[in-house]
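J.: What follows is the residue order along each chain.
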Amino acid sequence: MIVFATNVFCKDDFFLMQPTELLPHLFRTEYRKITSVLCKLFGIEYIEVAEDIVSETFLAAAELWGMKGLPENPTAWLYSVSKNKTRNYLKRNQLFAQKISEQITQSLELTREIEIDLSVKNINDSQLAMIFAVCNPCIPIEAQIGLALNLLCGFGVDEIASAFLTNKEVIYKRLQRAKQKLKAEKIKIEQPTKTEINNRLPTVLTTLYLLFNEGYYSTSQNKILRKELCLEAMRLNYLLVENEITNQPPANALLSLMCFHSSRFEARVNESGENILYEDQDPNLWNKEIIEKGTEFLNIAFKNSVVTKYHLEAGIAYCHTQKEDSKQKWETILQLYNQLLQIEYSPIIALNRTYALAKAQGKKEAIIEAEKLNLTTNHLYYSLLGNLYTDLDNAKALKYLETALALVHSLEDRMIITKNIDRITAKP
Amino acid sequence: MKEFMMIFRNEKMEGSEQPSAEQMQAVMNEWQNWIGNIAAQGNYSGTNRLHSEGKTLKPNNVSLDGPYAEVKEMVGGYLMVKANSLDEAVEMAKSCPNLMYGGSVEVRSVMTIDADATSATFLGEK
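Residue numbers (the working numbering), protein chains in the order written: chain A, 1 to 428; chain B, 1001 to 1126.
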């Protein structure tokens, strides 16, 4: 098991934990597993039944463990209680049980008892099936991310709202609408077939990519939450490369990209939660183990001739794992950006590409191209021009940085630009 | 925004020395940087490079080896760009690496299928 996965699938050092801290931890790791298994068993129509059963299980744990202390094996306890609750629910709701049985097997008489399989394999299969059900283009992308966080990552409405910088009601409604839509479309929760993978993997990867970015680039001040979002995206992506049929080159490329980015977690934020810019980071704080893992995934990704934007972004991120500046390094980065722009244009890629052009070919050449970008509503455009003109024409540089300053909203961006202005004005 | 096609032509090279891998990479990078400049402005639509092997078919079942059996120049590839006018597209083409290597760039505007004209053929004039 790889290093970040051990962070994600925390080891069973329960004996160190008090019931008060163990339960939230188990909620995070086990809620999604049991929910996925039950959702797959019940089908999309009965997601809420599955959620209720698992919630009740945890509620029972909270009451009982608080009074009587921890059971010997808390995870096994949760599994067996949720199984019992499911069986009871099925007994009480014969009609429901019948419907479910018809879905599961045609030969009800033979099985009689519905099996609730909480083996590692079925948990993984169920989670994978859920990823494909949730990441469905019939619901908007924010709803896909929300549902993934809710059902696959065990995030509560509060946490999701805080990650999206919005309020609980908005998220609650968004999740409800998304579930209704999945039901209306009769989306099946099942292991995708090989042909389906080809059609649907891109959507799944987009969702995971955005989930990761939500954490990595979020303006939320909650550092722990942001890191957790990234780790969850990686955990789900890891499920994809662990499974034979979803272990496709683009999935490996995306996972390697996430590895390279997350290797800088400890270096990019200081103790008071402020971001530290790449140039100012201490490379000793970069996690070499994760970088190595990322390199492995990238090698697997490039075994196939198809190059996706994840391959190129991972390639760029790989170059950035070497802190030393060299013309060769920036020439490589520039070429990767050139290719990336041909797959997908975005202002931010265009700006980053122009920065790489300056590093590889010099500021003068980059200025000519930068001025053609004409992204006049984007503060990063003026920041870039300001930085390119610094030392060549400081008066112009200041003018551009001040224009940038007038366009920014976040305090953090303001600080970065002010710093750059100070650097120029401090010079004799 | 309109679409334009840039067609790259080169003199047919015969007996010239095969460039080294580094030289080829350097030329490739030049092309990619030029295309990257256009793509950074959001004006890129597509490109393809063409191999030199191919066949040219003529009427009466005549088939000639190579794309340039009768002419000295051959098409090496094309680039599709978005621009407001032909002049603007020509401006982009001016820094094309092909011009530095004795080749030419032909800039042509792309005809679009007119929906009104198409529908008029079977729905009648609106």
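Everything labelled a hint here was simulated from the structure, so no lab data went into it.
Accuracy of the hints is not assured; some may be wrong.
[To be verified] On the chain B side, residues computed to face chain A include the following (Cβ under 8 Å):
{"#": "1", "residue": "Asn1029"}
{"#": "2", "residue": "Ile1035"}
{"#": "3", "residue": "Gly1036"}
{"#": "4", "residue": "Ala1039"}
{"#": "5", "residue": "Tyr1044"}
{"#": "6", "residue": "Asn1048"}
{"#": "7", "residue": "Ser1052"}
{"#": "8", "residue": "Gly1054"}
{"#": "9", "residue": "Thr1056"}
{"#": "10", "residue": "Pro1059"}
Cβ coordinates follow ideal geometry from the N, Cα and C atoms, glycine included.
J.: If a hint holds in the structure, say so; if it doesn't, say that too.
T.: Hint-by-hint comparison with the structure:
no., hint, verdict
1, Asn1029, "holds (6 Å)"
2, Ile1035, "holds (6 Å)"
3, Gly1036, "holds (3 Å)"
4, Ala1039, "holds (4 Å)"
5, Tyr1044, "holds (6 Å)"
6, Asn1048, "violated (11 Å)"
7, Ser1052, "violated (22 Å)"
8, Gly1054, "violated (22 Å)"
9, Thr1056, "violated (29 Å)"
10, Pro1059, "violated (38 Å)"
Violated hints, listed in ascending order, are 6, 7, 8, 9 and 10; each of the other numbered hints is respected by the structure.
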